[in-house]
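Visitor: Residue numbers (the UniProt record's numbering), protein chains in the order written: chain E, 1 to 187; chain D, 1 to 540.
Each hint should be verified, as a subset may be incorrect.
Covered stretches of chain E, as calculated for chain D (at least 3 residues, CB under 8 angstroms) [said to hold, decoys possible]: (1) 124-135; (2) 162-173.
Sample of chain D residues facing chain E (criterion: CB under 10 angstroms; computed from the structure) [claimed, not checked]: (3) Asn-348; (4) Met-349; (5) Pro-428; (6) Ile-441; (7) Ala-445; (8) Gly-529.
Just so you know, the hints here were simulated from the structure itself, not pulled from any lab data.
Only a predicted model underlies this, so the values are computations on that prediction, with no experimental measurement involved.
In this text, a Cβ means the ideal position worked out from N, Cα and C, and glycines have one as well.
Next come the chains, spelled out residue by residue.
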Amino acid sequence: MSSEDAHRSVEIAARVERRWATIAVIIVVGMALLAAFAGIHRATMPQPRVEITDPSRIHLSGEFVESNLGSVLEANGNVTVRAIGQQYSFTPACIVVPADTPITLRATSADVVHGILIQGTNVNTMLVPGYVSEQLMRFTRTGDYLMPCQEFCSFGHEGMWGKVKVIDKTDFANRAKAGGRLSCVGQ
Amino acid sequence: MLANRKLILAHFWLAFAVFGFALTLGAWQMFIRSPIGTWLSNPELYYRSLTAHGTVMGYVFPTLVAMGFGYAISESALEQRLVGVRWAWAGFWLIVAGSIMAMVPIALGRASVLYTFYPPLIGNVFYYLGVVLVVVGSWIWVALMSVNLRVWRKAHPGAPVPLAMFANVAGSYLWAWTAVGAALELLLQIIPVAAGLKNTIDAGLARVFFSWTLHAIVYFWLMPTYIAYYTIVPRAIGGRVYSDSMARISFILFLVVAMPIGMHHTFADPQVGAGFKFVHSAFTALVALPTLLTVFTICASIEIAARLRGGRGMFGWTRALPWDNPMMLALAFSFVMLGFGGAGGLINMSYQLDASIHNTQWITGHFHLIFGGAIVIMYFAIAYDLWPHLTGRELIDIRLIRTQLWLWFIGMIVTTFPWHWVGILGMPRRMAYFDFGDPAIAPQALSVTFSAIGGFILLTSGIMFIVVLARGMRAPLVDAGPYRFAIAVHQPTTVPVALNTHALWVALMIVLTLTNYGYPILTLATTEGTSVPAVYVGAQ
Ligand code: HEM
Ligand SMILES: [Cu+2]
Ligand SMILES: [Cu+2]
């Protein structure tokens with residue numbers, strides 16, 4: 001190889017490499033823009049605020065006392081579900097919600113870290129003691145869904161499975177007329 | 001010439017011994033929770049095993065490989081006897097002591113908190129102290145890598161630092177800094193509680209500290225593999241590194257962008273606001289860059305090897321590659337697994353897609369494919385390549401080596417593909433038992449069975465690996481000559497200061513970490529009322 005050839009090959013090599021680096025940068029920037037777009041259009045968004053709560057007092061007073069857990073139909077037609085996780089169960093163990101309705105899940109942990117995952121949906125959040133988790137959800141299909149705890153919470157973790165029952169919107173409205181907090185525990 | 005072979009061999013042997021132990025536990029876990037396993041009457045045993053498996057595979061095994069390989073690089077790339085050999089042995093023994101100290105409480109069921117710690121679950125204090133000793137031992141290595149490079153620079157002012165050493169030192173700095181997150185969590189939060197000095201702890205803050213470590217630690221695991229891609233593979237198959245400067249840029253990018261993105265592990269957490277989740281998610285996209293650059297450079301480097309061997313055509317050259325060379329085989333398998341694993345990683349990094357697989361078996365499938373597959377198969381290749389230089393003996397079982405690599409690849413695919421699938425179906429991770437009799441869970445039974453079979457294939461391959469190395473200790477003597485690294489097509493005679501030193505990039509790494517972590521950590525640490533009662537494992 002003459003020195004001129006060598007010079008040319010260096011140039012070609014550098015050009016090919018620059019081209020690939022440019023493509024790689026475009027891919028990366030494209031992905032970041034896509035994430036921003038999805039976020040701005042609120043496809044699924046993280047909860048905006050950090051809220052705290054004291055797990056040693058949640059049984060005594062405030063939003064997560066036992067009588068306030070379960071589903072409630074709000075005045076605007078939306079539904080709010082409040083639940084807690086503790087070693088090794090959820091309260092309520094069976095959550096009942098209407099189909100085709102905007103639902104806000106508010107939940108926390110009474111002891112260690114747990115997680116709520118509703119199978120077959122993208123509802124998936126950690127329950128960290130001391131903090132309130134909030135997630136928006138909406139079901140289009142009625143039926144039963146399994147709701148396992150998805151984070152290790154000590155020796156009974158494998159037995160911590162809850163359930164979600166999605167029922168027809170009007171059925172739910174009828175049951176909600178009686179007032180109180182709804183659940184499907186024991187049904 | 002490797003002067004301190006004993007030191008390096010000690011690191012590798014300990015690494016592969018603990019690897020064999022944890023691999024056996026892994027295969028057992030996979031079997032016992034599958035439909036072909038018998039019902040484990042005491043699920044607690046599963047979590048002891050899982051804590052041991054995760055702690056060894058996450059902290060002890062890759063750290064020892066990086067250290068042993070790092071010492072070998074320092075001596076051979078710099079052609080300089082290791083400075084600080086006594087310190088190196090001290091680091092090694094700290095790791096031995098720390099591992100034993102951590103394993104005893106795990107075996108007794110007093111530390112079944114899993115390798116991620118997640119308070120307020122608190123185990124025996126000796127478990128955490130053991131992990132701290134392991135990290136301290138590895139920090140000695142970090143310091144030694146830095147000192148050795150400095151000594152070399154003094155003797156060779158202005159000369160380009162050999163690529164292998166440049167990357168090795170970058171990896172060591174990355175590790176030093178990323179370990180700080182977990183160290184703060186352990187020293188400031190967990191150990192005082194485990195020792196009984198306090199009984200409350202901020203679980204949210206602990207998760208943020210841990211995420212500081214959890215992302216970049218995977219790039220620390222990856223470093224030996226990437227160093228092997230750039231500096232061993234091209235030499236072993238008769239090629240050249242396509243571009244020395246692109247290689248340096250890739251390692252620098254890892255150093256800078258691996259750190260400020262860890263909060264993608266807290267996407268589903270309530271203690272981090274949406275703003276920082278977005279920032280970390282956007283930064284995470286950047287980390288694909290060094291890998292994309294690496295894939296290009298390595299493919300180009302092996303193309304050079306193929307063309308030097310007479311390969312022609314647009315893709316026809318791939319046929320001219322030395323496919324019977326274990327290094328070539330390992331690289332090809334590693335790239336295939338990196339490709340699938342990388343595609344999975346793009347899914348994890350998107351907040352929206354992550355919501356459907358977060359903490360499911362998809363995640364365990366994903367990291368086994370990348371870490372256990374793409375990364376560990378190159379650890380095997382590194383060991384095979386170095387062994388004759390460490391033992392002065394030839395590795396004669398080339399066919400066994402090829403079979404071992406094939407089995408690891410097949411085993412990984414058979415294990416992890418169904419593992420991903422059940423994750424998509426919503427199977428949660430870290431569970432000792434699944435009720436496959438439940439009609440909603442029954443569809444996952446077949447996939448889990450496949451994974452269990454894959455686990456035994458992997459175990460077989462792991463045993464073969466250890467057999468090859470052990471037989472290599474008594475094979476006929478050879479003169480392996482000096483240990484060399486690949487050279488570039490245009491081997492640099494001068495390198496710009498920015499690509500030859502680390503200071504600027506370390507500073508940038510620290511600044512970016514502080515901007516991306518400083519505010520969330522300060523807010524959490526100063527918010528009143530977030531500490532919650534500790535829950536002690538094994539206490540009744
Ligand atoms: C090179 C090999 C391997 C590495 C580096 C590795 C690493 C790890 C790590 C870090 C964990 C996390 C523990 C945790 O979530 O607390 C884990 C979990 C696990 N590993 Fe491995 N592992 C390897 C091989 C294997 C093999 C061969 C099997 C058997 C098929 C296996 C089965 C498992 C299982 C079943 C879990 C628990 C998953 C869960 O319950 O969530 N691992 N492994
Ligand atoms: Cu759990
Ligand atoms: Cu990560």
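Visitor: A separate judgement is required for each hint: does it hold in the structure or not?
Guide: Status of each hint after checking the structure:
Only when three residues or more bring their CB closer than 8 angstroms to a CB of chain D does the claim for the segment 124-135 of chain E stand; here the count is 11, and the claim holds. For the segment 162-173 of chain E, the stated coverage by chain D is not satisfied: 0 residues place a CB nearer than 8 angstroms to a CB of that chain, which falls below the threshold of 3. At its closest, the beta carbon of Asn-348 (chain D) sits 12 angstroms from a beta carbon of chain E; the interface hint therefore is violated under the 10 angstroms criterion. Because the beta carbon of Met-349 (chain D) sits about 8 angstroms from the nearest beta carbon in chain E, less than 10 angstroms, this interface hint is met.
Checking Pro-428 (chain D) against chain E by beta carbon gives a least distance of about 4 angstroms; that is within 10 angstroms, so the hint holds. Nearest Cβ of chain E to the Cβ of Ile-441 (chain D): about 8 angstroms, under the 10 angstroms cut. The hint holds. Given hint, Ala-445 (chain D) at the interface with chain E, is violated; its Cβ is 15 angstroms from that chain's nearest Cβ, farther than 10 angstroms. Contact between Gly-529 (chain D) and chain E, as hinted, is supported at the beta carbon level, the nearest pair being about 6 angstroms apart and thus within 10 angstroms.
Against the hints set out earlier in the document, violations occur for numbers 2, 3 and 7.
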